[in-house]
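Each chain, letter by letter, is given below.
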Amino acid sequence: MLRLSGAWRLATLPVIQRELSALSLPAELSLDGAALTDIDTASALALLNHLRASGVNVQRLPLAGFADNDARIVGRVRERLDEVNAPVVRRREGLVAHIGRETLAVLDLLLGHLNFLGEVLVQMVRSLFTPARIRLRELTSQFEQVCLNAIPVVALVTMLIGIVIAYLLGLQAEKYGANIFVVDGVGIGATREFAPIIVAVIVAGRSGAAFTAQLGSMRLNEETDAIRTLGLSPMDVLVLPRVLALMLAMPLLVFVGDVMSLAGAMLISGPMLDITPPTFLARLQENLAIKHVYVGLAKAPVFALIIAVIGCRMGMTVSRDTRALGIATTSTVVQSIVAVILLDAFFAVLFQELDI
Amino acid sequence: MAAVAPVIEIDSIVTRFGEQVVHDGVSFDVQRGTLLALIGGSGTGKSVLLREIIGLQRPTSGSIRLLGTDVWTASDDALNATRRRFGMMFQDGALFSSLTVAENVAVPLTEHAQVPRGMLDALVHLRLAQAGLGPDAAPKMPSELSGGMRKRAAIARALALEPEVLFLDEPTSGLDPTTARAFDKMVRSLVDDLGITVFLVTHDIDTLLTVADRIVVLARGKVLADGSARDVIHVDDPWIQSYFSVRTMVGGTSGPRT
Numbered sequence: 001m002l003r004l005s006g007a008w009r010l011a012t013l014p015v016i017q018r019e020l021s022a023l024s025l026p027a028e029l030s031l032d033g034a035a036l037t038d039i040d041t042a043s044a045l046a047l048l049n050h051l052r053a054s055g056v057n058v059q060r061l062p063l064a065g066f067a068d069n070d071a072r073i074v075g076r077v078r079e080r081l082d083e084v085n086a087p088v089v090r091r092r093e094g095l096v097a098h099i100g101r102e103t104l105a106v107l108d109l110l111l112g113h114l115n116f117l118g119e120v121l122v123q124m125v126r127s128l129f130t131p132a133r134i135r136l137r138e139l140t141s142q143f144e145q146v147c148l149n150a151i152p153v154v155a156l157v158t159m160l161i162g163i164v165i166a167y168l169l170g171l172q173a174e175k176y177g178a179n180i181f182v183v184d185g186v187g188i189g190a191t192r193e194f195a196p197i198i199v200a201v202i203v204a205g206r207s208g209a210a211f212t213a214q215l216g217s218m219r220l221n222e223e224t225d226a227i228r229t230l231g232l233s234p235m236d237v238l239v240l241p242r243v244l245a246l247m248l249a250m251p252l253l254v255f256v257g258d259v260m261s262l263a264g265a266m267l268i269s270g271p272m273l274d275i276t277p278p279t280f281l282a283r284l285q286e287n288l289a290i291k292h293v294y295v296g297l298a299k300a301p302v303f304a305l306i307i308a309v310i311g312c313r314m315g316m317t318v319s320r321d322t323r324a325l326g327i328a329t330t331s332t333v334v335q336s337i338v339a340v341i342l343l344d345a346f347f348a349v350l351f352q353e354l355d356i
Numbered sequence: 357m358a359a360v361a362p363v364i365e366i367d368s369i370v371t372r373f374g375e376q377v378v379h380d381g382v383s384f385d386v387q388r389g390t391l392l393a394l395i396g397g398s399g400t401g402k403s404v405l406l407r408e409i410i411g412l413q414r415p416t417s418g419s420i421r422l423l424g425t426d427v428w429t430a431s432d433d434a435l436n437a438t439r440r441r442f443g444m445m446f447q448d449g450a451l452f453s454s455l456t457v458a459e460n461v462a463v464p465l466t467e468h469a470q471v472p473r474g475m476l477d478a479l480v481h482l483r484l485a486q487a488g489l490g491p492d493a494a495p496k497m498p499s500e501l502s503g504g505m506r507k508r509a510a511i512a513r514a515l516a517l518e519p520e521v522l523f524l525d526e527p528t529s530g531l532d533p534t535t536a537r538a539f540d541k542m543v544r545s546l547v548d549d550l551g552i553t554v555f556l557v558t559h560d561i562d563t564l565l566t567v568a569d570r571i572v573v574l575a576r577g578k579v580l581a582d583g584s585a586r587d588v589i590h591v592d593d594p595w596i597q598s599y600f601s602v603r604t605m606v607g608g609t610s611g612p613r614t
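Protein sequence lines correspond, in order, to chains A and B.
Numbering-wise, the first sequence is residues 1 to 356 according to my numbering.
Numbering-wise, the second sequence is residues 357 to 614 according to my numbering.
If we strip away everything but chain A, and leave its shape as in the complex, we get:
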């Protein structure tokens, strides 16, 4: 006979466990609950599990003296004892399996992007022949968001970059009395490389992430399904306007970046290197070959296409829970920036080979 007394509560489990393990129990046992003031399911579980581990046949254990509700609680836990003690399934995978699964996932993702890029390009060409299919309203509203609203931040950041480049180049050039070459350096560097890359990074963080968040939340909300059911294509309604808007916006933003970074350089060249703005501009006009500006501007729509395609596809394929949306948005930014820099490296080699 095991006599229980007092209040058996979840909060006192450690005490219960200690007291129980101090007991030596016979295999034939009955429980007396007359002195119990309270028992809850957690402590009933602790009791029954301990008895079971000590070799008592819990299912045939006689209960005596329990209040009705206490007996009910103990009975309920006893009914479920087998189910409750089912072995815990833990999902674990080895390192090799993990690497393999992640690699396949990346390949799958890239293949999916390629597929989506193809589809976007086909639809874009098709809509060139049927311009009526282009959704002008959506296009203009997207254009406003990705271009006009981005101008202040693009202008600010590229101007600061222009100042920094001129400053660092100037520190070196001053030593050799080669102040005026700072203009050549900044001219080529800013227009050909820095402005497009900086603008692409800003756009990836601003618009690429926004595309994923917008399309992803629409997907969570089943809005994309609604679009399909209404006989419309999410590609036409959602994706193409965004891709086109970004491809139109990006060269303009890069141009803003060019102007602002040169302005920044001009701003600091006066006080630091004694190059007055007129001298700066004259030197720029003489020595900056226009092809560098064109190269920078030509890269812009390609960067835009890649950022928009990644942003839209990550949004369109987000799985249906809120956590996945956050992950997809972050992933868009990382993927876009990596893709832009890879593309830029490719362009650098390509233009070199083409002698541009």
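Heads up, a few of these hints could be off.
Below are the SDA-like pairs computed for lysine to any residue, each with C-alpha atoms no more than 25 Å apart in a straight line [unchecked claim]:
1) B:Lys496 / B:Gln447
2) B:Lys496 / A:Ser319
3) B:Lys496 / A:Lys291
4) B:Lys578 / B:Gln387
5) A:Lys291 / A:Met159
6) B:Lys541 / B:Arg586
7) A:Lys291 / A:Ile341
8) B:Lys541 / A:Arg76
9) B:Lys541 / B:Asp569
10) B:Lys541 / A:Arg72
11) B:Lys541 / A:Arg80
12) B:Lys496 / A:Val88
13) B:Lys496 / B:Glu467
14) B:Lys496 / A:Glu93
15) B:Lys496 / B:Glu518
16) B:Lys496 / A:Ala97
17) B:Lys496 / A:Gly326
18) B:Lys541 / A:Leu81
19) B:Lys541 / A:Asp82
20) B:Lys496 / B:Ser529
21) B:Lys496 / A:Leu81
22) B:Lys496 / A:Arg72
23) B:Lys578 / B:Ser598
24) B:Lys496 / A:Arg323
25) B:Lys541 / B:Glu467
26) B:Lys578 / B:Asp592
27) B:Lys496 / A:Gly270
28) B:Lys541 / B:Arg570
29) B:Lys541 / B:Arg441
30) B:Lys541 / A:Arg78
31) B:Lys496 / A:Asn287
32) B:Lys541 / B:Phe446
33) A:Lys175 / A:Ile268
34) A:Lys175 / A:Gly270
35) B:Lys541 / A:Glu119
36) B:Lys496 / A:Ile268
37) B:Lys496 / A:Met159
38) B:Lys496 / A:Arg90
39) B:Lys541 / B:His559
40) B:Lys496 / A:Ala105
Simulated from the structure, these hints should not be mistaken for lab results.
Model the placement of chain B on the given structure of chain A, informed by the hints.
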């Protein structure tokens, strides 16, 4: 446990959002071991009242005592101690999406109780079983669950610390009738077997007629009716009559609980 003080005491609650008056003096008490259902049309502030009781939203005036603690004047420590004595199931579960079902249920246990090592898994399984889920649901992520299973997992988490009161926000919404009735039965057994007080907000007439001990009807900022299903169904009010007439039109397969 003799029922002494009411578990929930709601005293002349007024809630205003700008010009809009949601509650205009709502008062009622809830006794231990009852299953109370709060009903009312859309916009009558059922969910707002629920959020005010559990301390998520401050009423404009009035007082609410939950398990003897005044929710809106108590210290943070006192309120946190009370928080361990009730459980809440949010409408769509509000399971932590980065944790498995078992980890979700284990959160309150590991944070607020000293569960001996080796007992945690069994206790989590017990909570799942109490909510009607098998051990096979334990390693799943919330995104892999159906709506009904998500609600059950949320109940399991709310039950983790053996609460004295359980709050349920629309427990059967979005469930098919069979699942919803099984859900009602499970909730009823929590009241009957464990002596838990259940406070639920619902639109489900079947829940009201089959398992609720007491129904409180909110309308126009006041408590319009309060009593058993039998009593409430006969209250002479157009809203109540049209609410329950939907049921009588279908023929009333299950009569009011007596």
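These are the hints, each one checked on the structure:
no.	hint	verdict
1	B:Lys496 / B:Gln447	holds (20 Å)
2	B:Lys496 / A:Ser319	holds (16 Å)
3	B:Lys496 / A:Lys291	violated (58 Å)
4	B:Lys578 / B:Gln387	holds (20 Å)
5	A:Lys291 / A:Met159	holds (21 Å)
6	B:Lys541 / B:Arg586	holds (20 Å)
7	A:Lys291 / A:Ile341	holds (21 Å)
8	B:Lys541 / A:Arg76	holds (15 Å)
9	B:Lys541 / B:Asp569	holds (13 Å)
10	B:Lys541 / A:Arg72	holds (16 Å)
11	B:Lys541 / A:Arg80	holds (17 Å)
12	B:Lys496 / A:Val88	holds (12 Å)
13	B:Lys496 / B:Glu467	holds (21 Å)
14	B:Lys496 / A:Glu93	holds (15 Å)
15	B:Lys496 / B:Glu518	holds (23 Å)
16	B:Lys496 / A:Ala97	holds (20 Å)
17	B:Lys496 / A:Gly326	holds (20 Å)
18	B:Lys541 / A:Leu81	holds (21 Å)
19	B:Lys541 / A:Asp82	holds (22 Å)
20	B:Lys496 / B:Ser529	holds (22 Å)
21	B:Lys496 / A:Leu81	holds (21 Å)
22	B:Lys496 / A:Arg72	violated (30 Å)
23	B:Lys578 / B:Ser598	holds (18 Å)
24	B:Lys496 / A:Arg323	holds (15 Å)
25	B:Lys541 / B:Glu467	violated (30 Å)
26	B:Lys578 / B:Asp592	holds (15 Å)
27	B:Lys496 / A:Gly270	violated (65 Å)
28	B:Lys541 / B:Arg570	holds (16 Å)
29	B:Lys541 / B:Arg441	holds (23 Å)
30	B:Lys541 / A:Arg78	holds (20 Å)
31	B:Lys496 / A:Asn287	violated (65 Å)
32	B:Lys541 / B:Phe446	holds (19 Å)
33	A:Lys175 / A:Ile268	holds (17 Å)
34	A:Lys175 / A:Gly270	holds (17 Å)
35	B:Lys541 / A:Glu119	violated (52 Å)
36	B:Lys496 / A:Ile268	violated (60 Å)
37	B:Lys496 / A:Met159	violated (51 Å)
38	B:Lys496 / A:Arg90	holds (10 Å)
39	B:Lys541 / B:His559	holds (17 Å)
40	B:Lys496 / A:Ala105	holds (21 Å)
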